[in-house]
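Going down the list, the protein sequences come from chains E and V.
Take the first sequence: its letters are residues 9 to 240, numbered as in the numbering used here.
Take the second sequence: its letters are residues 5 to 257, numbered as in the numbering used here.
The hints are simulated quantities; they were obtained by calculation from the structure and are not laboratory data.
Worth double-checking, as some hints may not be accurate.
Unchecked claim - With beta-carbon atoms standing in for the labels, derived distance ranges:
| id | chain 1 | residue 1 | chain 2 | residue 2 | range |
| --- | --- | --- | --- | --- | --- |
| 1 | E | Glu31 | V | Asp16 | 49 to 57 Å |
| 2 | E | His11 | V | Ile187 | 51 to 59 Å |
| 3 | V | Thr238 | E | Ala53 | 52 to 60 Å |
| 4 | E | Asn98 | V | Pro43 | 31 to 39 Å |
| 5 | V | Met5 | E | His11 | 30 to 38 Å |
Glycine included, each C-beta is placed from N, C-alpha and C at the ideal position.
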Amino acid sequence: MPHQHIVKKFDKNLEKIKATIVEMGGLVGIQVNDATAVLLSYDAAEVDRITAYDRIINGLNKDINDRAEILIVRRQPMALDLRQTLAPINIAGELERIGDHAKSTAKRAHIIHNLPPEDATLDMIAQMSMITQAMLGDVLTAYANADIDLAAKITEKDNEVDVLYKQIVQTVIETLSKTPDTAESLIHITLIARNFERIGDHICNIARYVHQIATGEDLKASVDPADLRMDK
Amino acid sequence: MADPIVTARGVDIFYDTTQAIINVDLDILPNKVTALIGPSGCGKSTFLRAINRMNDLIPICRMTGEMKIAGQDIYDPKVDVVALRAQVGMVFQKPNPFPKSIFENVAYGLKIHKMTTSKTELQDRVEWSLKNAGLWDEVADRLDQPGNSLSGGQQQRLCIARAIAVKPRVILMDEPCSALDPIATAVVEELIDNLRKDYTIVIVTHSMQQAARISQRTAFFHLGTLVEFGDTKTIFTTPVDERTQNYITGRIG
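My request is simple: use the sequences and hints to build the entire structure.
Shown next, in the form of structure tokens:
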């Protein structure tokens, strides 16, 4: 654990940003959970309620950005402090995108709720949701505790999500030819699966930021822009 | 990487029996700004002053180890200290123009080192120095006025003009902006960045932001030891030593 700042408010400012990220992540987790539940048991009012989460989550995203901005202006953070200030801006952006995917999922519930009960894709969607929710919980714990070992394990779980996504796409392709009347629902199932696949990716991005905050190392493969310029 | 212009090896500095600098090895690269940072009393100014033997003026101060400039041991008894200080100029915390005219302030070093052979050459060199210090346009029509009639920021640039007039290899700056307002500070920082094309600059500063803005290399001193030295970007983003991290982020170490 790093030492306390001489200016105690500096610590409080950073703690408040961290707490707001955890709060935002918790809400996003509820939204993902509820969006999955409404797929399995359609309720129009519930869809509206889940969609309305969006405004709260966007508000928290703005709050985190504002707090980071004012902290930079007041404290000119360096090194670990700078990463603890900048990374939440990106993490909040990732969480907000996860919320968007949850909303998109909930909004498709009215189309897919008439799929036959024996359809296997819904079960696989539920599995994707369960894994991504566990990943989200882990990444928030990793963020709160600066636990880079836990963050590193999240990518492995995302592989399971990717496998399920491919299985769903394959199942949809096979089912479409047999029962063309369910085409609309199945296309939306694919899009919902895509939402969860993207949710997994956003969580992996957050795990990368957790690593970057603690170590200063960016794990994302990148190329120096200078190497890409035509006129170099 | 270019050869260092200043090399310190095993430098120990004592004030009487108190050791202020402990076994410091440090290479200063040419045409770079090297910032020395650290808490008050860490020895950074003492180390800075060792680079042009300003500590010789303090009777109880003694140094052991090796300090070379361009390969020459500056503590060799044969070294002419006055000539050394022409090679290694210094700008202080508080602007300290001589009680002379603006022109004479800049011409002073040129005269005592007999660096010009004619009045025209002297005038040209004074003009060149004031231009390079970014002051010429503000004083060209009043060169005969006292140096201390200028504003604080202008006086500090006059002192920089005085230092560069004798074309030193290295310019040492001991908190050169601490007595200046933010605008005058910005002007001096811009000047420092321009000067490094032709000079090597070593600056002591208490401002982390200033060190991050203007230097390419940063050395962190703590309790007389050199804790960490490297590229400024690395020092201020991913320092290796916990003491450096605690200092630059304002934490209780």
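Next item on the list: Starting from the range 30 to 38 Å, see whether the pair Met5 of chain V and His11 of chain E falls in it by beta-carbon distance.
Entry: holds, 34 Å
Notebook entry, point to check: Measuring from beta carbon to beta carbon, are Asn98 of chain E and Pro43 of chain V in 31 to 39 Å?
Noted result: holds, 33 Å
Notebook entry, point to check: Do the beta carbons of Thr238 of chain V and Ala53 of chain E sit within 52 to 60 Å of each other?
Noted result: Given range 52 to 60 Å: holds, Cβ gap about 56 Å.
Margin query: Looking only at beta-carbon atoms, does the pair His11 of chain E, Ile187 of chain V fall within the given range of 51 to 59 Å?
Written below: Since the Cβ atoms of His11 of chain E and Ile187 of chain V sit about 35 Å apart, the hinted range of 51 to 59 Å is violated.
Check: Cβ-Cβ distance between Glu31 of chain E and Asp16 of chain V: within 49 to 57 Å?
Finding: At roughly 54 Å between Cβ atoms, Asp16 of chain V and Glu31 of chain E fall inside 49 to 57 Å, so the hint holds.
Violated hint for the displayed structure: number 2, the only one.
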